[in-house]
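Residue numbers (the numbering used here), protein chains in the order written: chain W, 1 to 136; chain V, 1001 to 1251; chain X, 2001 to 2296.
Simulated from the structure, these hints should not be mistaken for lab results.
Among these hints, one or two may not hold up.
[As the list claims (entries may be wrong)] Derived pair list, reagent style DSS-like, types lysine-lysine, alpha-carbon separation capped at 25 Å:
no.: 1; chain 1: X; residue 1: K2079; chain 2: V; residue 2: K1247
no.: 2; chain 1: V; residue 1: K1251; chain 2: X; residue 2: K2025
no.: 3; chain 1: X; residue 1: K2065; chain 2: X; residue 2: K2025
no.: 4; chain 1: X; residue 1: K2065; chain 2: X; residue 2: K2079
no.: 5; chain 1: X; residue 1: K2141; chain 2: X; residue 2: K2175
no.: 6; chain 1: V; residue 1: K1002; chain 2: X; residue 2: K2079
no.: 7; chain 1: X; residue 1: K2141; chain 2: V; residue 2: K1251
no.: 8; chain 1: X; residue 1: K2065; chain 2: V; residue 2: K1247
no.: 9; chain 1: X; residue 1: K2025; chain 2: V; residue 2: K1247
no.: 10; chain 1: V; residue 1: K1002; chain 2: X; residue 2: K2117
no.: 11; chain 1: X; residue 1: K2079; chain 2: V; residue 2: K1251
no.: 12; chain 1: V; residue 1: K1251; chain 2: X; residue 2: K2065
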Amino acid sequence: MILKLLAISVLLLVLSCRADYDIEEVADEEYLGEGHHSHDLPDSLQHEESLHDHSGDPEHDAGEEHAGEHKERLEDEAVSGHQMHVHQPGERNHGTEWFFNQPWAAKFIWGKMLRDSVVLILLAGLITFFSGRNRK
Amino acid sequence: MKPVMTFALMTMRSLVRRRTIWGISIVILLALIGIGQVPGYGTTNQGRFIIDFGLFGLEVGAFLLAVGLASNIYPRDRERRTIMPIIAVPLSRGEYLMGRFLGAAIVQAAAILVGCIGLMIVLIMKNHAVPPDLFPASLLLVVEGWFLLAVVFFFSFWTSPPLNAPLTLFLFIVSQMSVLDFVKLVPGVPGLMRVIRLLLPHMDVFHIKDPITHGMDIPGLYFLLAVLYGLSYMAFMLSVALAVFRKRDLK
Amino acid sequence: MDSLPIEVRNLEKSYRRKLGLSSFKAVDSLSFELHTGEILGFLGPNGAGKTTTIKCILGLLRPSKGYVRLWGDVPGSGKVRRRIGYVPENPDYEDIFTPLELLDMFASMRRLETGRKEHLELLERVNLSGWESVRLRNFSKGMRQRVSLALALQSRPDLLVMDEPTGGLDPVAMKEFRDVILEENRRGASIFLSSHLLSEVEAVCHRAIILSKGRKVAEGTMEDLLRTEDRFVITYRPPGGDASSEPLEKEVPEAVLQETIDELRREGCFIERVNPLYRSLEEVFLSATESAGGGK
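Extracted from the complex, chain W is given alone in its bound form (with noise of 0.2 Å):
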């Protein structure tokens, strides 16, 4: 009982994992395709998305990229509220951001938390046990 519990528990952690909390890996084809700024954008967005191109970069905030040349895309942002925000497939798009504005993220990113926490919490109780088993 206890070894299929163990078992039913990897399985569900592997299942868990199997996307990034990374809009690229999860977003369907008709979030990505619209609504948004990307890279893909016109010369004019395409110039304004260089200049913040901190991709791959996961402390980027913290980096020059507030020191004055964004001052004009984060007055805009500020203004024209939570517009999507796309940076190439497997990249980082400024980090949690994609969370709070996109209409289907909400769903994905609550339901893998909770599932995720559901499942390290059984196996967090399973090993406890089996290794206090052992040592009798």
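Based on these hints, arrange chains V and X on the given structure of chain W.
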């Protein structure tokens, strides 16, 4: 629970008498003062800059506190043999781990929350509004710090303190990398790298400085779930640490 | 009926050498038991495996082979730990605390109901009155050992495990320690006493085990260990001797005992008693460890 809480209290008293915690706290304080001195590029942007840099500083502070506080607790207990009379009689190994962890976690949380209050004071002194989500965002960093603390305890049971810090730093960095970036580290085995990355924690969920600086609404449910996720991963790491510790001989 | 406070069966503990390529046995095929209400001495030269055995008894080390049971339960279980008091070889407690703080915290960790009054009495019992609020970092080794004893006695344990408890103590303190051990035994506690000090073991123990190179080389009651099997002492008075003078003694091997008695009687001597010859524990210890090839 009483034995664990008593031992946690003992741990706290022991930790606050060490220099490490005070050294890290002074660094965080100086960083906050420094952030307040940076000239702004318009009122709005300076506020954002302070929040962005301040939360980033607390993130790094959480990492430094985790390593500084916990990496030497168990090795020191072994070296000075203070662990023997504790494990021999009053506490089980699980209670020892929980007591030490809780004591360090309370000290770490207090340091991060003091940092958050410092950040708020800097914002107020510079005439910027304090975003309502700043405090919950700091709480997420506290949870992230606890997770890192659990990782440090896990490493401390089978490595030396000089190795513990780089291993934790490595995990801290890769846990913020995207799958693609992680695969690039060893491009020869993309499948394996992808699986490894997906099994590693996703620390992004604790970092919401961008949405805050951009003035987004962050649902309360998100905070709850992120805290749940962090505490679950922390519990998982602690259970693995306990499994390793239970196998250790205390020579 | 309560089962044995300590039962050790075929205990073996091996340690890996550097790089893990080979190992050595610190304890080998060790079996013994401690009975309820007994004081058992555990003797051996340095490196004989005494501390390793104690750590296995306390659950700090996992046996490589064999097993240890305390009242039939595994070492380290909560039920067992509540009944034990432990005096370590080196009294290592966090030295930022005072004895009173340590007693308070240990009481809380053991879920004891004892309060400040009982703790002060305990400190008085181990001769630390007036030192209750001084941090341990200012204490000598002997004083720390007293704190350690106070902590061990705090829960009125059914079993006291003592690893070289009098190391670093002056003769007066050693005598006080011995008195406390005997008091605790009279209260009903079983005591497992590992020591280098043969006189100490001889003075307080009912039974002793001698260990050498991880193996048991002698075991028995103090009477059995000290008594020689083949030599006797004949106490007698010569003919016409003054009744108030000291009687004479003659040490003889068992083979000629009867012959010697008959001869003395023929000479008109009065035989007062014939006793087995008793050796000192030191002699027993040296002979047992030397026959096993020394300590190291």
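Do the hints match the structure? See the list:
| no. | hint | verdict |
| --- | --- | --- |
| 1 | X:K2079 to V:K1247 | holds (20 Å) |
| 2 | V:K1251 to X:K2025 | holds (14 Å) |
| 3 | X:K2065 to X:K2025 | holds (11 Å) |
| 4 | X:K2065 to X:K2079 | holds (23 Å) |
| 5 | X:K2141 to X:K2175 | holds (16 Å) |
| 6 | V:K1002 to X:K2079 | holds (16 Å) |
| 7 | X:K2141 to V:K1251 | holds (21 Å) |
| 8 | X:K2065 to V:K1247 | holds (15 Å) |
| 9 | X:K2025 to V:K1247 | holds (19 Å) |
| 10 | V:K1002 to X:K2117 | holds (21 Å) |
| 11 | X:K2079 to V:K1251 | holds (23 Å) |
| 12 | V:K1251 to X:K2065 | holds (17 Å) |
The structure shown violates none of the earlier numbered hints.
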